[in-house]
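Asker: Heads up: the protein sequence lines correspond to chains B, Y and D, in order. Just so we're aligned: 444 in the numbering used here is position 444 of the first sequence, and the numbers increase by one with no gaps anywhere. Convert by adding 476 to the 1-based position in the second sequence; the result is the number in the numbering used here. Convert by adding 596 to the 1-based position in the third sequence; the result is the number in the numbering used here.
FYI, nobody ran anything at the bench for these hints, they're computed from the structure. Don't be surprised by glycine CBs; every beta carbon is placed ideally from N, CA and C. Treat each hint with caution, since some may be false.
Stated by the list, open to error - In silico lysine-lysine, BS3-like type, Cα no more than 30 Å apart, as pairs:
no., chain 1, residue 1, chain 2, residue 2
1, Y, Lys-479, B, Lys-476
2, B, Lys-382, D, Lys-624
3, B, Lys-469, B, Lys-445
4, B, Lys-476, Y, Lys-569
5, D, Lys-812, B, Lys-250
Stated by the list, open to error - Sample of chain D residues at the chain B side, in silico, Cβ under 10 Å:
no., residue
6, Met-681
7, Leu-683
8, Asp-687
9, Ala-725
10, Thr-734
11, Lys-775
12, Pro-979
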Amino acid sequence: MKYGVAVIGGGVVGALICRALSKYDISVALLEKANDVAMGATKANSAIVHGGFDAKTGTLKAKLNVRGTELMPEVCKQLNVPYRNNGSMVLAFSDSEAQTVKQLYQRGVDNGVPKLEIIDAERVHELEPYVSDEVKCALLSNTAGIVCPYELTIAATENAVTNGADFLRNCEVKAIRQENGAYILETTLGEIEAAFVINAAGNHSDEVSAMVGDDSVKLVSRRGDYYLLDKSFGYLADHTLFQCPNEMGKGALVTPTVDGNLLIGPSAVDQDDKDCTDTEAEGLDFVISKAFKSVPAVNLRGAITSFAGIRSHPTTDDFIIGWSEKSEHFINVAGIESPGLSAAPAIAEYVEKILLGKLECSLKESYTLSRPAPVRFRHMTKSEREALIKKNSAYGRIICRCETITEGEIIDAIKAPAGARDVDGVKRRTRAGMGRCQGGFCGSKVVEILARELGVDKNEITKFGGESKIIYERTK
Amino acid sequence: MTKREMVCVSCPIGCAITVELDDSGEVISVSGNSCKRGDAYARQECTHPERMLTSTVRVEGGNLPVVPVKSATPVPKEMLFDCMKEINKVSLKAPVHFGDVVIENILGTGVNIIATNEIY
Amino acid sequence: MLNYDLVVIGGGPAGMAAALRAHEKGVKKIIILERADSLGGILEQCIHTGFGLHYFGEELSGPEYAGRFITQVYDTDIDVKVDTMVLDISDDNVVTACNNFDGLLTIKATAVVLAMGCRERPRGALSIAGSRCSGIMTAGTAQKYVNIDGYMPGKTVVILGSGDIGLIMARRMTLEGAKVKAVCELMPYSGGLTRNIVQCLEDFGIPLRLSCTVVKTHGKDRLEGVTVANVDEHLKPIPGTEEYIPCDTLMLSVGLIPENELSKNAGVELDRITNGPSVDEYRQTVKPGVFACGNVLQVHDLVDYVTEESQIAGEGAARYIEGERADGEKVYTEGTNGVRYIVPQRINKNTDKDVKLYFRVGQVFRNVKLTVKCGDEVILSRPKKKMTPGEMENVLIKTDVIKRLPADSKITVSVEEA
Chain B
1 MKYGVAVIGG
11 GVVGALICRA
21 LSKYDISVAL
31 LEKANDVAMG
41 ATKANSAIVH
51 GGFDAKTGTL
61 KAKLNVRGTE
71 LMPEVCKQLN
81 VPYRNNGSMV
91 LAFSDSEAQT
101 VKQLYQRGVD
111 NGVPKLEIID
121 AERVHELEPY
131 VSDEVKCALL
141 SNTAGIVCPY
151 ELTIAATENA
161 VTNGADFLRN
171 CEVKAIRQEN
181 GAYILETTLG
191 EIEAAFVINA
201 AGNHSDEVSA
211 MVGDDSVKLV
221 SRRGDYYLLD
231 KSFGYLADHT
241 LFQCPNEMGK
251 GALVTPTVDG
261 NLLIGPSAVD
271 QDDKDCTDTE
281 AEGLDFVISK
291 AFKSVPAVNL
301 RGAITSFAGI
311 RSHPTTDDFI
321 IGWSEKSEHF
331 INVAGIESPG
341 LSAAPAIAEY
351 VEKILLGKLE
361 CSLKESYTLS
371 RPAPVRFRHM
381 TKSEREALIK
391 KNSAYGRIIC
401 RCETITEGEI
411 IDAIKAPAGA
421 RDVDGVKRRT
431 RAGMGRCQGG
441 FCGSKVVEIL
451 ARELGVDKNE
461 ITKFGGESKI
471 IYERTK
Chain Y
477 MTKREMVCVS
487 CPIGCAITVE
497 LDDSGEVISV
507 SGNSCKRGDA
517 YARQECTHPE
527 RMLTSTVRVE
537 GGNLPVVPVK
547 SATPVPKEML
557 FDCMKEINKV
567 SLKAPVHFGD
577 VVIENILGTG
587 VNIIATNEIY
Chain D
597 MLNYDLVVIG
607 GGPAGMAAAL
617 RAHEKGVKKI
627 IILERADSLG
637 GILEQCIHTG
647 FGLHYFGEEL
657 SGPEYAGRFI
667 TQVYDTDIDV
677 KVDTMVLDIS
687 DDNVVTACNN
697 FDGLLTIKAT
707 AVVLAMGCRE
717 RPRGALSIAG
727 SRCSGIMTAG
737 TAQKYVNIDG
747 YMPGKTVVIL
757 GSGDIGLIMA
767 RRMTLEGAKV
777 KAVCELMPYS
787 GGLTRNIVQC
797 LEDFGIPLRL
807 SCTVVKTHGK
817 DRLEGVTVAN
827 VDEHLKPIPG
837 TEEYIPCDTL
847 MLSVGLIPEN
857 ELSKNAGVEL
867 DRITNGPSVD
877 EYRQTVKPGV
887 FACGNVLQVH
897 DLVDYVTEES
907 QIAGEGAARY
917 IEGERADGEK
927 VYTEGTNGVR
937 YIVPQRINKN
947 TDKDVKLYFR
957 VGQVFRNVKL
967 TVKCGDEVIL
977 SRPKKKMTPG
987 EMENVLIKTD
997 VIKRLPADSK
1007 ITVSVEEA
């Protein structure tokens, strides 16, 4: 296999870069070591589009955050990904926190963040009636929003594949060597040749960079635990509610998700293992105790799941994006911690620009930047549903009853470009199994549909690839 | 003489029953029970305990790959796993009906294994 | 739009019994809507015996118990639609459903019986820390894989929760060749029947660990083990008691939740404790013409009681269809002092029948007195040798007693020292 550009890492950053490059008359491949895209930091974070007042003025983080937040609504529209401009608040619970809010406001202005306001407690309660009475004031960021990070990644990948890019799953890069001016990537799928390599390998981008002799990427793995609450608790917050960073740490946020659930978290614990996303009891306790402070009515009775994500914190405290100093045609896109999701569309734009500085190419005659909207039975009107089932009866069979997901939607998810190959892949694409019963009823049906559509035995279907088998051999 | 303690399962009260057995395993006395059913249960449990056995049997060509089965009456408790081995050897062809005898007189116990659902 | 006198949502034991009783009482146009591909509900996967001792006087397996009702339903002119999911019940009892043969169905119903059953509490509700690898499933999901699909969901198993489903699955997995390492129970007592503890665990030497829970799951792809720990009297894990148990499967049997999303959307008021609708003696909810029975109303331990309850609901629906309205004076029921809840929550004073109050206690009681009062008046008092949270209890209140109680008065059921 031979490509013009190999993008290593199918997270939100890699997928959006791949999408940006798929417009050009070059061959592009997205290499992902897992069985699906969005399997690393992308699938487990706060799902927030930040205003852009957090990062130090002048840093790449600050610039790309503000630009990314500006681009996000349009990108989500093109890709038909749910995005909501719900706005965010940084809540101050003391006079010293009120000072912090003022400083954040000033930094936001310096970073070029539009539409920032400081609002008093009364206004906070007008907008967010369930915020604690202890609140003194808040920084309101009107451009902030929420987005579904894995849906964005899936949609970007689908779009790229539609434009002719290759998505290579279960393709882990083990080593890179150079031959005749090209890179040879030694992967679990064999050798892949590429003229240019973009390293968007997330928590492993330091190792990938080292494969071309560049040791400049230094990362610390930081785990964050989260709770996800049932939709019946979604009314507790409309804006994304942050706490003031103080000497005790960053606090936890309480936010609605685009699907109407309530998300609380994260904790922040440095750990050695880059891949271990086990939740820890202490982290979960921290999250809940902090969330109570912002919204006292948060109740764990509503918890439908907990999860943890790893973000790779760069020791330089800024995104590492640019040509490697050690390898001529190699771009590092590393250390993309928060606000990485917000910045992702801007990172893709930025990387596209610097790549085109060395790579000569032109736009394809035909390409698209949009991904068709997937069928969402649950959001349809009665007459739309009627017409849909008439067209294809598979949309009349409800598989996931908590989220009202039809068999037709699950089949679409499997057949899509870079489609689902496992139960979690179906879940991220359709929400089947994401409701309050967490797949108790529909899990076995999803296994059955996957097996049928992929033409394999049920016991070959996994939860998320690898050895994550769901069932073993037949009983009889 | 030996003593055996057990909890009666005849009803939800769950009496703690003590059974005295002689050296040949015969029941000498039952105490702690509060009704006749407890006495009978304790004697049976000490001499020849029996259990209902339920499992599934493979079916070819049906709407489902297995059909549930049960022992028509209880089988000796110590034979449960041996009976399972027999049950696992059987393969039926659809259709299967309620009450179809799947194995007659399993392992000479005089008990039939019968189907407990319809497969079509 | 279709028109039916009675729409029954759910074709498990509750829905079938309600439909059959309504049919017996002369209701003409009845339809059962079932989301699975056959009638029978959860009984289809409960292949163990022990069903029907009260109702049929025999020990049947789940599919046999269901089968008897399925045959009866198909012998009548009750319409049945399987593989059909109800999406909505409107204010004026228009039921919207869909399937892949009729498309979208709208049915105007005079009366509706809610019989959707319950679901299992999933892992997320427990906040067990650790990995979210494969191999962690509810006991009911595992039961479906083994008994219906014919696949082994695991080889080495730890079960959390000693309710009957957990105990039954311990035996089931053992008989199919798996090794069940332990059954852990958070409470100091098991929620399951003694018979099941003896015949599902003791028979096979499976340890039951009381006051013990799973605190962490381990494994990268598939589960590799769990850490269990003992808990204190506040049910909090005791540091230092942790023990690692290697296993590839964790089965959860940690409670059932009535499936009332449809009911809530339809404006049916729920009881805070049962999580089921609040109903009168004919199982009519606060929404006129909407009845509820079976596990959607309250989680039962015996299907025989589900049948009994559903027949009451079916009769209530038949009376409603004939024009009877429950808009007269009422008395209310309340569980106090050890009694967690009562179903029904209210009784029509002009009722024409004796009313059984069903309830559960909050802890294990031995040698106590069960007392039913209205104000200071003791209506009934009887000794109880043993009551446990795992077993639903009932007590009968006579019609003449109900008739003479003041309107809006409260009947309380409580546990008292003998």
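Asker: Please write out, lowest number first, the hints stated earlier that are contradicted by the structure.
Answerer: 1, 8, 11, 12
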